[in-house]
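Visitor: Take a look at the letters that make up each chain.
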Amino acid sequence: MAGRPDDTAAADRVTGASRTALILVAATAALSLLFAIQYYLGGPIRLPVISEVLSVAVSPDQRSIAAGSQDGMVRVWNMPAAFSSAILAEFDLARAPTWPVQGLTGHRGAVIELVYEPESGDLISVDSQGEVRFWDPAQGKPTRSMTIDGPVSDVDFSRDLSTMASVGTDNRVALWSVETGQLIGRLGSPASARWAVALSGDGVLIAAGMGSHIQVWDAQTGTLVWELAGNCESQALETEDECLQDDKSWLAHTKAVTALAFSPDGALLASGSADTTVLFWNIQTGKVASSSEGHWGPITSLQFDPEGRAVLSTGADNVLKTLRLPGGKSSGTYGGHFGAVERATWGPLDTMLVSASSDGTIRVWETANQYTIHMEWSRLGLQRVWGRTLAGWMLVSGILGLVAAWGLSRIERWSHILAMALFMLGPIVVIGLPLFEVLGYPLVTVTRLRISWPLILLAVWYTALLVALMREPVALLYEAPRSARLAEQLQASQRTIRLRFGVYGVGVWIGLLVLLFTVLRRFKLDVAFMGHFFSFIMGGASITLYISAASIALAVVLALLGALGRLSRNPIANGISSFYISLIRGTPLLVQIFVWYLGLPQLGIRLEAELAGILALGVNYGAYMTEVFRAGIQAIGKGQHEAAHALGMTRGQTFRRIVLPQAFRIVIPPIGNEFIAMMKDSSLVYVMGVWELTFRANKVGRQNFRAMETFLIAAAFYWVLTVAFQFLQGKLETRMARGERK
Amino acid sequence: MTEPIIKVRGLHKYFGPLHVIHGVDLDVMPAEVVVIVGPSGGGKSTFLRCLNFLEEPSAGTIEIDHVEIGVRDTGAKHRQLIREIRQKAGMVFQQFNLFPHMTAMENVIEAPLTVKKLDRPAATAKAEKLLSWVGLSHKRDEYPSRLSGGQQQRVAIARALAMEPKIMLFDEPTSALDPELIGEVVEVMERLAHEGMTMLVVTHEIHFARDVADRVILMADGGWVEMGPPGQFFTEPKEERTRQFLAHIL
Ligand SMILES: Nc1ncnc2c1ncn2[C@@H]1O[C@H](COP(=O)(O)OP(=O)(O)OP(=O)(O)O)[C@@H](O)[C@H]1O
Ligand SMILES: [Mg+2]
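Chains as they are written, first to last, in numbering that gives the first Met the number 0: chain A, 0 to 741; chain B, 0 to 249.
If you're looking for bench data, these hints aren't it; they were derived computationally from the structure.
Among the clues, some could well be false.
Unchecked claim - Reference excerpt, derived from the structure (chain B facing chain A, CB under 8 angstroms, subset only):
hint, residue
1, N51
2, R85
3, Q94
4, P99
5, A110
6, T113
7, M162
Keep in mind that this is a model prediction, so the values were computed, not measured.
The beta-carbon is built from N, C-alpha and C at its ideal position, and this holds for glycine as well.
One chain only, chain B, in its complex shape (with noise of 0.2 angstroms):
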């Protein structure tokens, strides 16, 4: 019996006043795909955000990977053990975010360079890889105003893949995208998964959930309302919540 990489323990987050999230546990497994759906507003972002803090948590613990953070703490103790999380949760935006003054290939080395101190041909015999593993190696010197979106969010998730990290972090990666554009995006995100890699992503592509999610949470209300291997999700939901909300988007 392997242990969790994700184990979040009565996570809270209040917004001033607003209490985003309500207490809520999660373990994931190693090479485990977990797809959270959900009503806008009902907190996935930023339980996501929560995981690697760029929201600092309000309580609760988060453990990833053995690296476990006391939510209340602070100081440079602290600020380091954020950063070693970071450099092993990956994390993909839904505005893809690319640093548009960096080609793709420098958007892709600058992290192991600057984080990781790797020297430069290390990192570009790395980064020439995980080019091409995305299927982007000809776009290598273009500048991200010149990419598709597609192109971008390709090129996004090759530069988290570049830390190494042990899980990846997916916050509505193709909802920026023309529609004609997404299949691309979610065949790169499917061969990761095939690759083994543990998996978040807060999607509405049912399509994924259903093929290659290993398990699908519905959140709404800062809390898990369902969760539940896709087979059963998405054909005989338990909850009244879960069909109202699956007869809404399908």
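Only chain A is shown next, with the shape it has when bound in the complex (with noise of 0.2 angstroms):
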């Protein structure tokens, strides 16, 4: 066959079916990649995704909503006649009427602030980029607009809004003259990580961040007049060691200061921060007022009401909440929004919030029973980060895609696996993530949410592309050249079996986890908040690990002095070791955990509980592992102890060096998924307060009502832990397994 090369190319070279899915593959990827290119240049085709509001105001006359988004455009919602404060009975997203609403373009950056005037109704919008537009809404068009050094991380206005307060995001604090556009001054250095700046209703102080630190200015002068760095609960301690060595909590930031506001009267200074507190200082006297507990995410924004008896604080915890003043107290919690809430105000009405979302809404809440009362899109579609996810899906795909095609067309094995990986994956990315984030939404709200038909679309275009690689033709072509033997074409498609199971196994594991995932959100999961205390409770990793570690060490020791009794002919050893068998398994282990912590004590013997815990476990799980290591001791044949003896081996010798070795292969398996149920049996320890997981999961749950959320987190640990385990068990056992027969 040598001499006859071209046949050989002819026959492999990609016909028919093949030729269809080839074309198919390198068009979807060409196609991907030039959406998601003319995606990150800002090109004008996207599928339906919503961008983040970002600032939210109630007009004066309290009759519409103005809210500026990430894509530079202002929306003002003009809020029905019929809409009161009527609490609904049932408030269903598909059929609520969408508000009026009015778009104002022109910005070219993401709307970071919005404020009405109070007499004359105009609305003043500042984007990123540095420029502040003046609008009357009925018409639709600036009236003026005037420039500020960008680009802007956040700005304020003085109540009469002659002057206004800007940070950048080089850091420089500025105050600006809003009716000339001038600048009237700079304030501090651009030192340090500035991300909030606050100015009084009288415009005399200006307050920004400073890393943890608030520095405050009189605008006037633009002398320093304070640096709120932190001061202890008791006043009479100066610095932060005395405080915590007499047991006193220091009050300050601890991470950077993310949000700031004056009180009404001038006298209260409240901070958020991203170590998700919030606290209010006394202008006065530079100490902390009150400090309230916060969010389980970074404070987004602060607001207080004209009266100044409450703060409306957001967080990047997807809630909103009142804090009562004085004090701080959380009087009140609106969870519902599906991304950082990033800002709220009072109105329209006198008992409603409105709060803007990165979501892509604007919900409308009463305050009565904290609900939605009336929810708008920026844009109806998919949420904002699966938007983000898809183009960047099609990004990889894309590339990926067109590695695959290059290697289909060449006919090389890896790049078939590439492309069916690929298209396996993709329907699961492009519509089941966003679909089971729709389902996911809370139970009271009854939404129908519209998936938008470009990605259903491609979802069965991946489907259909992924069954045409799967077919039997194109398959084998792609496994073995159609000139090979006929024996290695048989093998091929062996593989290629085998390899379809794979395949289809790895989506069926990955459709189940989304399913898994979307069935837990139903539970209306606090995400941030598990976010909040995942490292606290995750602190107790590393103690359950290591509790089951020495008590699985423990356990196989006696588990082989045990068998070794129990196999002995010494009627003393023999005796002991039954003994110890039948008491153990005859006794639950939570009985004998207490017995361990509780008992001994009684007899003068005081043990660390997690000293009680190893013991407890690991004495227990001997008894049950005695007779696994027993049954694998034996089944070690006479001939081999024969064998070893001929040899001048001793009994200790041919133990150590024959049986032992042989039986530890036997017992792997069992001892294996004994190490499993222990690993999940370390968690009874808790009942002993070893801070291991199961407890902090307990303790945090309880103390916040959320034991769901904590314990998930420890379920999700000991499974991962349990499969890696296998994993390694599996290793091992190939390892062991050399000397077998295969």
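Join these two chains into a complex; the hints should help.
Guide: Structure follows, in structure tokens:
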């Protein structure tokens, strides 16, 4: 055959069904890439995606709500006359009428601040590029505009809207005249990370964050009035060390200040931080007047009510709260947004709040029951995060798809696998995740969300491609060249079958995980809360691991001794061993734990909780594993003993060198199962107050009435641990099985 | 006149009430090859296993290379003597009994390392010689499960030889082998005999008995029936019992 290479090439050329598959893959990849590139360049084709709403304001006549979003659009919704504070029996997104909306376009950057002029009802909007526009909402056109130094991270107006303070991404704080648009002055140095700025109502004081500290200046003179760094809850103690030694708390932010607001009378400054807390500072004394636990995530904004009796705080944990003053205790929590709440304000009616969120919605809440009574989307469609995921996925799949197509055209095996994997994941990423996200919406909101038809089409397309790639002629071609011998082709088809099995298996696992995730979302899990306490709960993981590892080591030693005892011809050893097994197997583990921990102290033996746990678990599992070891040792034939003895080995040497290694190999699978059971049973030691995983999950969960969330974290940890252990066990088994017949 | 290397006097073995060996005597000279044949259940294996105390004899004395053991002793001194005898008498089993968790090489060096306390390089060098002597240097890193029966038995012989025994006991070394594999093992045993090893062999390989053995013994019902050089044993046996047995197996 060597003399006719052309024939071979011809036989292997891509033809028929395979060529169709190849063209489809290449076209899909190219289009995906094109979509991704134009998306990132800000091109016109986007699958419906919501843009974050960053600012919100209520008009002085309380009839309209303005919201500024990430895409530079200001939308003004007009409240229908029929809308009242009546509490709705049921809120149905699909049936809720949308309000008349008017779009104010022109901003090039994200609209970060909106204010209504109290008298004229004009709207002032500030974007992140530093452009300030003044609108007459009725006309829908800006009446004038001014420019301040951009890019801007936060601005604040005085009450009469005559001056405006800004802090830029370059960390510079500046004061501007709103009438003239002129710079009045700059304050402080651009030294450290500044995210928030606030101007007192009378325009006299400016506050700006500086890392976890806050600087307050006199706006007229530009002199620094305070640098607020924190103080002890007891006034007498000066330094943090003294304070902590005296068991008092040190009141200060530990992370960057992200939100600031002055009270209407100018006596208090509220500050929110990435450390999730809110502090209220007395401007006269420069001390913390009160502190609030705040949110489960960084604070995004703070706003005083006109009388100064409450503060509205919003957080990255998707909720807004009202904090009562004085004191700062939470008097209401409004949960329901799917993304960080960026801004909130009072209105449009007296018993209502309105909030803007990065999930692309504004929501109107009633304060009596803290329910959503109206919701408006910045744009209908999928959530922001999936929009980005989709573009990212398109980029990845585009590049990989082109690589796969190149390989397919050269009849390479790996390219076929790559293409299959790619299109297996496609439908799940494109439609699965958003779909499940939608299913995860709170149950009180009977939601029917429109999933845009382009996405459904895309998912169908991906599925069809997968089916095409899976078809026998296509799969076989990329497995074995057609010119190959029959034996090779048969082998290849065997491989294809196995591979398809694997790919489908992975797909099913991913799909089921997504499904599990959805079901869990239905519990209205507080994800921000989980994030907040994740590290605290996982702090117990090391203790769990340590207790399991130590107990397992103890159990193995005991089991080995126990097995030797059971096999011994010495009646005393045999008796001790069988008594031990009978006693331990005949009583519940929990009772044993209590005996070790509570019983022994009555004899004057006081054990550390952890040690008691290790002893209880180790002794318990040792008894169960004794039988396993005994069976393993007995399974080693008489011939092995005789062969070793005939070589002059002592009984000890025979046991150590010949019997034990073989017995170990036999007992690994059953012992592995015991290990897995033990790892999970180690959670029982929580009854002794060991600060391990389950204990922490229980503690945090109960304190906050969110046990579901915390126990889910614990469960996930155990699961991951078990999977990892099973993997290791498999590896060990193959290693130990070297000598066995294949 | 040299001394016998194996001296057995009045050896009895009971399994409970069952009297399996009825007081046999045997002298084996150095470099002598003795083949024991006999009907099943005659006590051949038991006799062989008594020699290195895998079975505790019930009465009599056994002396191997000047180490004598009074049969009814006990205690640490006794166990020490038994181990000494076992090192002098290597044994090869019908079922090979290789250690399955060790490679061929590891099987061979195991006892020199643990019993003789040789260092590893020395043990390995010796084992390599032995493995090549049995024709298996290329299989040194294979596990027993990947060796044929004949190869396994040859490794087992190398393993026994690694302890540098004075005598070798073979208990039906070829009975568990496929017919075509018997030759390679018998060939190794012949070479061993030619190199002057003292051998006590229980086997049904009549060729081996005829060509290699210095003496053939018929054992039945726990005692010697007939003993003689192979020429005489196979061609003009004295006992009627021997004639019957030979007629049966030839
Ligand atoms: N451990 C034992 N316990 C009880 N009886 C035994 C034991 N070992 C052997 N016997 C008995 O001793 C007798 C002799 O057995 P032995 O194995 O020595 O015979 P053999 O000549 O080697 O036979 P074969 O050719 O079948 O191997 C038999 O009757 C056997 O049943
Ligand atoms: Mg036998």
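Visitor: With reference to the structure, classify each hint as holding or not holding.
Guide: Structure-based check of all given hints:
A distance limit of 8 angstroms between C-beta atoms decides the matter here; for N51 of chain B the minimum to chain A is near 6 angstroms, and the interface restraint holds. Checking R85 of chain B against chain A: minimum C-beta separation of about 4 angstroms stays under 8 angstroms; hint holds. This hint holds: Q94 of chain B has a C-beta 5 angstroms from the nearest C-beta of chain A, less than the 8 angstroms allowed. A cut of 8 angstroms between beta carbons decides the hint on P99 of chain B: the least distance to chain A is about 5 angstroms, and the hint holds.
About 4 angstroms separates the beta-carbon of A110 of chain B from the nearest beta-carbon of chain A, less than 8 angstroms, and the hint is met. The restraint placing T113 of chain B at the interface with chain A holds, with a minimum CB-CB distance near 5 angstroms, inside the 8 angstroms limit. For M162 of chain B, the interface hint holds, since its Cβ comes within 8 angstroms of a Cβ in chain A; the closest pair sits about 6 angstroms apart.
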